[in-house]
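Trainee: Protein sequences appear in the order of chains A and B.
In terms of the numbering used here, the first sequence opens at residue 1 and continues consecutively.
In terms of the numbering used here, the second sequence opens at residue 1 and continues consecutively.
Warning: the hint list may mix true and false statements.
Listed next, the in silico SDA-like pairs over lysine to any residue satisfying Cα-Cα at most 25 Å (straight line) [as the list claims (entries may be wrong)]:
no., chain 1, residue 1, chain 2, residue 2
1, B, 88, A, 23
2, A, 128, B, 87
3, B, 88, A, 127
4, B, 88, A, 113
5, A, 143, A, 126
6, A, 88, B, 117
7, B, 143, B, 41
Simulated from the structure, these hints should not be mistaken for lab results.
As the structure is a prediction and not an experimental result, all values here were calculated from the model.
There are 2 protein chains.
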Amino acid sequence: MVVSTTPGLAVPRRLLGIDPGSRVTGFGVIDIIGQQRVYVASGCIRTQPGAPLTDRIRTLLDGLSEVAAAYLPAEAAVEQVFVNVNPKATLMLGQARGAILSALVLAGLPISEYTALQVKQSVVGHGKADKTQVQHMVVRLLKLSGTPQADAADALAVALCHANHSHAAIAGFARDGLRIRGGRLA
Amino acid sequence: MVVSTTPGLAVPRRLLGIDPGSRVTGFGVIDIIGQQRVYVASGCIRTQPGAPLTDRIRTLLDGLSEVAAAYLPAEAAVEQVFVNVNPKATLMLGQARGAILSALVLAGLPISEYTALQVKQSVVGHGKADKTQVQHMVVRLLKLSGTPQADAADALAVALCHANHSHAAIAGFARDGLRIRGGRLA
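Sequences are here, hints too, so could you generate the full structure?
Mentor: In structure tokens form, the structure reads like this:
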């Protein structure tokens, strides 16, 4: 994406946020139009517990490629997972995350990664926010009429975090006439 | 794949074995022609240490889709990784494995999984074999003129393990006119 340097012209940018999980992966799509963040869509991709790993990988690949094809985001942001005390759970989450990143790479999306701490700080204002506070702020910032499911809300929070991070960078770079891609200099 | 039930007719089957790693992923391709196992190809896909995760995911996806397109295997077998004491390493290996499985799913290959113990038992005869013994047996079983690199040899061992496991099953099922896919009943 090329950021317009014409003062006052708002270029819409569509972002896909992902909250990865081995059982439930949340996704959230928002548009940035100038200073506004506009809700587009959100939901969850659920893999069948106890199903063979390759079936769960297929569910994630198919689900995310459908989301990318349906909403045509320009960029993706994925929450970094924190390593679990249970090594088996960590391996399973890693495998799910590898499939999620594969789907986004294959969809041709530039990918940014944020820690849970960064997401909470960006959306709620401090890193110790709980799930309810994240949901509350997502509803408020996107002016939603209802509360999205927790994983979908987390994914929308990841998209909002990416919007805030890349917006701050773009504001500075755009002044200098530089091009940005996925929140990074192109 | 449909297993021919015509007695005495050897149907060639091409297998792709994978030894997953976050830095080096070995691959090995063999043909089963009747009782014979014939070497076709082997090698490694290396990801750049220190490169961004999404670049490493892309390297694995591109590398494995090239291997699948070049050798057109009918089935894939992937070694199960054992969880490391280091949670960060386990997460990274999980992510690499998720990308590897994604590439194989997208190539339309039925996938079987084997533990390192199963691979060693099948190829060397006992589960406590070291890397050198695995390499030695791979060279002997496939009548190779040189010794493949360790990760490539491990991948060939995974393919040989799958050949042995599915061959035993097929021998029984084919008698009954049943169809097998990826070493499993279709």
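Trainee: For this structure, which hints from the list above don't hold up?
Mentor: Violated: none.
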